Structure formats: C-alpha cells, structure tokens
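S.K.: Residue-level listing of the chains:
Number of protein chains: 2
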Amino acid sequence: MAADQRPKADTLARRQRLISSSCRLFFPEDPVKIVRAQGQYMYDEQGAEYIDCINNVAHVGHCHPLVVQAAHEQNQVLNTNSRYLHDTIVDYAQRLSETLPEQLCVFYFLNSGSEANDLALRLARHYTGHQDVVVLDHAYHGHLSSLIDISPYKFRNLDGQKEWVHVAPLPDTYRGPYREDHLNPAMAYANEVKRLVSSAQEKGRKIAAFFAESLPSVGGQIIPPAGYFSQVADSREKTSSLTSSPWASPLAMATLLPAWPQPSLWRGHLKPPALSTSTRGVGLFIGVDLIKDEATRTPATEEAAYLVSRLKENYVLLSTDGPGRNILKFKPPMCFSLDNARQVVAKLDAILTDMEEKVRSCETLRLQP
Amino acid sequence: MAADQRPKADTLARRQRLISSSCRLFFPEDPVKIVRAQGQYMYDEQGAEYIDCINNVAHVGHCHPLVVQAAHEQNQVLNTNSRYLHDTIVDYAQRLSETLPEQLCVFYFLNSGSEANDLALRLARHYTGHQDVVVLDHAYHGHLSSLIDISPYKFRNLDGQKEWVHVAPLPDTYRGPYREDHLNPAMAYANEVKRLVSSAQEKGRKIAAFFAESLPSVGGQIIPPAGYFSQVADSREKTSSLTSSPWASPLAMATLLPAWPQPSLWRGHLKPPALSTSTRGVGLFIGVDLIKDEATRTPATEEAAYLVSRLKENYVLLSTDGPGRNILKFKPPMCFSLDNARQVVAKLDAILTDMEEKVRSCETLRLQP
Chain A
3 MAADQRPKAD TLARRQRLIS SSCRLFFPED PVKIVRAQGQ YMYDEQGAEY IDCINNVAHV
63 GHCHPLVVQA AHEQNQVLNT NSRYLHDTIV DYAQRLSETL PEQLCVFYFL NSGSEANDLA
123 LRLARHYTGH QDVVVLDHAY HGHLSSLIDI SPYKFRNLDG QKEWVHVAPL PDTYRGPYRE
183 DHLNPAMAYA NEVKRLVSSA QEKGRKIAAF FAESLPSVGG QIIPPAGYFS QVADSREKTS
243 SLTSSPWASP LAMATLLPAW PQPSLWRGHL KPPALSTSTR GVGLFIGVDL IKDEATRTPA
303 TEEAAYLVSR LKENYVLLST DGPGRNILKF KPPMCFSLDN ARQVVAKLDA ILTDMEEKVR
363 SCETLRLQP
Chain B
3 MAADQRPKAD TLARRQRLIS SSCRLFFPED PVKIVRAQGQ YMYDEQGAEY IDCINNVAHV
63 GHCHPLVVQA AHEQNQVLNT NSRYLHDTIV DYAQRLSETL PEQLCVFYFL NSGSEANDLA
123 LRLARHYTGH QDVVVLDHAY HGHLSSLIDI SPYKFRNLDG QKEWVHVAPL PDTYRGPYRE
183 DHLNPAMAYA NEVKRLVSSA QEKGRKIAAF FAESLPSVGG QIIPPAGYFS QVADSREKTS
243 SLTSSPWASP LAMATLLPAW PQPSLWRGHL KPPALSTSTR GVGLFIGVDL IKDEATRTPA
303 TEEAAYLVSR LKENYVLLST DGPGRNILKF KPPMCFSLDN ARQVVAKLDA ILTDMEEKVR
363 SCETLRLQP
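Residue numbers (our numbering), protein chains in the order written: chain A, 3 to 371; chain B, 3 to 371.
Isolated chain A, as found in the complex:
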C-alpha cells in the first residue's frame, strides 16, 4: 500500500480540484494525510503516530481486529437489504432492547445519524399531527435539509429560522442566562422551554417534537453493519475485561484535566456539549472552554485554533466546537488510556505555558508557516 502513495502535495492538489470545498478538511492550513489507524492512534504517510482525540465514531478504536474480522466474515457470506428475514438484525434489536427502557422496543436500522433524525422528525409529526419543533440554541441535528432547518448552528448561516422552529436557550451554566451561582439552573432553563412552548401555542403553533441534541442513532440498514455493531458490543465487553489493555476510566480525563498546572490564559472549565447543567463532561466526551477574560468570559477563539494547530504539530489530533469555536472537544475512541490522557495533558500544558509566555512578551500567536 505504502508503495502506491502519492506525495501529500499531489493528494491535496487532486482533492482541491475534484472534491467540493464544502467537504472540509481538518487543519485546512496544513491538512494531515492519514494512511493507517489502529486503536487510539492514526498514522500519516511518513509513519508519524498521532494520538486521536477526535474520532469517537470508532467506538472501540480504529480497525479493531474483532470488528474487522466480523465485517469480513459477514461480507463473504451476505450483504444485502433488510427485506429478507435474517437472524442478525433481530438478534441485535433484541440485544439493544435489553439495554433500553421497556417502552423503547421497536427498532429501525438506518444509514446514518442524519437519516435517523429525519425519521424521528417524521414519526413525531405523523404521531402528533403537528408540525412545529422546539430545539436548543446552537444545536446541530444533521446535514439533511430537514435537519438544517432545526439546527440553529446551521440555519443561522444559511436560510434563517423557519416560523415552525422555536429555539430555547442552551442550558449553559457558564455563559448562558442562568449560571453556576443560580439556585436551580436546571429548573430555570426548563421554565424557559415552558415559556417558549406557551408563547408558541398562544400564536396557534402546535409542537410535534422537542429535539434535545441528536437522538441516539445506529447506522446500518444492511446486514453487515448490524453484525458490525453487534461485534462492537462484543469487543467492548471483551476488551474492557482484558487487564493488558488499560482503558481510561470514563472520568479519568475529566478528573485529570482540571488538576493540571493552570497558566493564566487557561480556564479549566469543563462543559458538556449540551443539556446537562451539572456534569462537566460525560464519560470521555469532554469540553474545555477557553476564555480571554474571566469577567466577560469572552471566547478565546483564535487561541483555541492556535492551540489545536500546535497540538497537531505535537501529534495530538483535537478539534474545537461551540458557537465561539473556543471549546476544545475531547472525544477519543474508548480505548484511550490513562497514559494517553497524561501525554495529551502534558503537551497541552507545555503549549499553554509557551502561549502564556508569548502573550506576556506581546508576541503574536502565529503558527510557523
């Protein structure tokens, strides 16, 4: 495989010519060419190893051998639609049902999270006979027309807000209207939703659904993905019971991050991506909100971009999120270890310290070309 590799500049030139520029690259100023991945690591065309803090879609790690083998065994035998009877799809549905409340007992297997949310919207509208939707501010529910319409994160830059969409404030206890010092921010945010719904109803609008973040969704209408996911579930159980593979405790990162030396630029504020007002990170999904100033909590957008680029130079893949694009978004595969967390934290610390020195000596935070 390595023998056939194009030089990176050639791949980039072809990409710019042939693939729409709407299909964004990570680190657009100097994209990474990834040719291989294993577990929590990705490798570029030079063989350099990156710690992956981005790709939680690879739940049990990139190219997990059990998952790869299961996909291969299934692909050799059958890969077709679900209009024939097959054990895999029903057995996987059964297995899922055992992890869910009793009422959630009928399954649709779809092609993507977007297709799942589109169907959820159709089901809600069909069931209620209503059209309107309540969503949270800054939410993203998928890349289809129907979901862009209910994603403030998207529609604000595109067609704007439709009359049947009602936007509730994000229950953000750090920058929103009700903060840590509020007596009961959960209740206060819930009351905002109530008020929004009442006000919509007074205008004669009828609510079909409340979308609070993307609904849980599972890809794969065809049979192998069902086998794949089933195998992912297996691998998760098997891998987590192997002592030789030390998985990070779900909150290892969350407990580690706030503890590390904090330069003045850094505010170790951990914020979940959505709804929850008390947890500051769910499992390995952790947000770190970078601010310029403690009083105003102004998002440190440029600093976050700079930090992520510097991390990439240091072989850590990380991305930002949030309306101010100032939140470092950690969502590594679940095989991310405590050692990985320590390495990432050490690198973050070194870069932040360097940034602090640069800021102190009035240097601009600019990446080496």
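If you're looking for bench data, these hints aren't it; they were derived computationally from the structure.
Check before you lean on any hint, since a few could be wrong.
The list treats identical chains as interchangeable, and a pair is accepted whether it falls inside one copy or across any two copies.
Distance condition first, Cα-Cα at most 25 Å in a straight line; then the derived BS3-like pairs of lysine-lysine [as the list claims (entries may be wrong)]:
id: 1; residue 1: K164; residue 2: K205
id: 2; residue 1: K294; residue 2: K196
id: 3; residue 1: K331; residue 2: K35
id: 4; residue 1: K208; residue 2: K164
id: 5; residue 1: K314; residue 2: K164
id: 6; residue 1: K196; residue 2: K208
id: 7; residue 1: K314; residue 2: K35
id: 8; residue 1: K360; residue 2: K294
id: 9; residue 1: K156; residue 2: K331
id: 10; residue 1: K35; residue 2: K156
id: 11; residue 1: K360; residue 2: K331
id: 12; residue 1: K294; residue 2: K208
id: 13; residue 1: K208; residue 2: K349
id: 14; residue 1: K360; residue 2: K10
id: 15; residue 1: K349; residue 2: K294
id: 16; residue 1: K314; residue 2: K205
Quick caveat: nothing in here was measured; it's all calculated off a predicted structure.
Given chain A, work out where chain B should sit, using these hints.
M.R.: Here is chain B on its own, set in the frame of chain A:
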C-alpha cells in the same frame, strides 16, 4: 454460522416484535430467510438456491470475492471520515470524472442515494435562489422528508402535494396521454413540462430544479466504500473479460422476453422505469407490464402479485413496481447470465400457461397456504 440459525418462524416472530412494520419484507405472506448469497444467487436457511432478479445494488454480484477482499484490506488499515487527506477518495473521483462530461468534475461522496438527492436539492436551491421543483408523476426520489415531498409515489399516500411541487406526466407511451401511435411522443411530453413550467411561472413560482428519476449517486463518505466502489469498477472490468463467466449481454433479457410464447393473459410490453419513450428496457433493467385487457390496458395487479409469489416458490426472486403494481421489475446483478435469463423465462412461461388455464376454467388465482 448455519449451526447458530434460529428456526425461520422464530426469526419472523422476533422480527414482527422488534422491527417496525414499516420496514417491509419481500413476500410478506411467506417471507424468505436468506442466509447466504453469491453472484446472482441467494440461498435460504434450507440451502435452496434462488435466482436473484431483484438486487442490482450488488452490481457485480453478491459477495464478489475481489470486492470482499478489497473491503477487508481497507478495513484492516483505515476506516474513517474524509476530513483527512487520503489517496482513495481523490483517485476514485478522478476515475469517475473520466467517465463523465467535462463539466461534471466536482464530487461529493455521500452515505446513500437519498442523501445524494437531498444534497442535489439543496445545491439547486442555493444556486438558483428558487424553491420550486418539477417532478415526474409516480416518481420516487428517496425516503427522506425532503424527498418524500418531491416523490408523488410517496406523498400521494402521506401529506399530499406541496404548493412548490409541480408534477409533469410520466412519459409513458403505453398508458400515458401520448402513446406509441403518436407522431412524436418525446416532443409531446417535453411540451407538457414546458406548459407546466410556464403555468407555474405565471403564478409567480420560481423553479429551482427538475428531478427526472433519482440522480446518479454513489454511496460512501468514509474511505472503504470509495475503495469498495473502485474495486467494483475493477471487478466489472476483470469479470467481463473472463470468458468463463458468461455475462448476459445487456439486452439479452430485453430481446429474449418478448420472444417467448405468449399466453393470452400476457402482454410482453417492455417499459423502461422512466423518461425514455422509445427504449423498452435499459441494460438489464427491464419492466414487463401485465394487463387484464388489451383495449383498456387495465393493470393486472393481482395477477402480477400471484405471478411473483409463484416465481418465488420456483426459486426466482422478482418484485413488482409501477402505480398499478403490475409491472414485473427485472433488475438482477450484472453477472446474470443468458442461461439465467432462459431459466427465468421458462419458469415464467410455465406459470403464465398454468395461470391462463386456471383463468379459462374460472379458477381463482389463489396461492397455496
């Protein structure tokens, strides 16, 4: 694998309990349990071999070893999103571009035909600044909300026609307003579209796009599918050059079908799935329109359902389509051979002859329970 099989009745019971009934089964009165497939054949849990005239999605045949191997090799190495540089995606785009007119030179790789059509609609609307869409009657463009809105096949049974959707008559030279005996049906149908557009514009409507059947689309945003499709292209070339694998000439079926003995019930009318008014089948995609009466051309809906069920009992998988569900829809994988066509035609002939006798002796066409 076979050792783990549930009895078919158990699989069916679990399916009915766990999977939404909107996810239809083929042959719902007696569904087939398929456990394995190879080339143009599918196998049930008893090992019975079916000739597959349904699954053209498996372009080069089910579980083609070259395709399976390519997927496996890629899955072992890397399976991630397209936000990193990678050769496969650009090389495949390059390869596709070489088969297309020069203007079609920018590519988006998506997850499904539905996601592709949804994006096409967004692109058209963004580019023109218009909202309205012209579609053909009975068309189906995908299963997403945005596409159900422009699919008469779907919206007639659901929310009805939106004011921004304009439905042109299907250019059907068999049952439509302009038929075989018309001097220039192509022009006549095109003029219908012109009139529809003018009339919409007079009412102040602005057309963004004309959807004539599903746009060509290629699945797979992630890298392996790109490898997969590339391998499909390879296999297609390799396989078609192997003399030991006698592929059906694209029009073998089309030439064979009208030639076989025609009982009176049968009218060997071949009709393409869409637009073209002269071709009566494109490649291996052939429609056979069953009618009750030559003068009225009344769709023989029940007869088509009966025929398809009988074929299934005779180990031929076939489905129906069309507004009257009376069109036998042949769309086998491309490895379908001339021998397969002869076998299918012989079985069809035997069943039709039997049906004709039953009808002559006033027996009801009813399937054995």
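S.K.: A separate judgement is required for each hint: does it hold in the structure or not?
M.R.: Verification of the hints:
no. : hint        : result
1   : K164 - K205 : both (15 Å within a copy, 23 Å between copies)
2   : K294 - K196 : neither (34 Å within a copy, 59 Å between copies)
3   : K331 - K35  : within (21 Å within a copy, 45 Å between copies)
4   : K208 - K164 : both (14 Å within a copy, 19 Å between copies)
5   : K314 - K164 : neither (39 Å within a copy, 49 Å between copies)
6   : K196 - K208 : within (14 Å within a copy, 39 Å between copies)
7   : K314 - K35  : within (12 Å within a copy, 50 Å between copies)
8   : K360 - K294 : within (14 Å within a copy, 85 Å between copies)
9   : K156 - K331 : within (19 Å within a copy, 41 Å between copies)
10  : K35 - K156  : neither (28 Å within a copy, 43 Å between copies)
11  : K360 - K331 : within (24 Å within a copy, 70 Å between copies)
12  : K294 - K208 : neither (42 Å within a copy, 47 Å between copies)
13  : K208 - K349 : neither (51 Å within a copy, 55 Å between copies)
14  : K360 - K10  : neither (32 Å within a copy, 70 Å between copies)
15  : K349 - K294 : within (21 Å within a copy, 77 Å between copies)
16  : K314 - K205 : neither (50 Å within a copy, 56 Å between copies)
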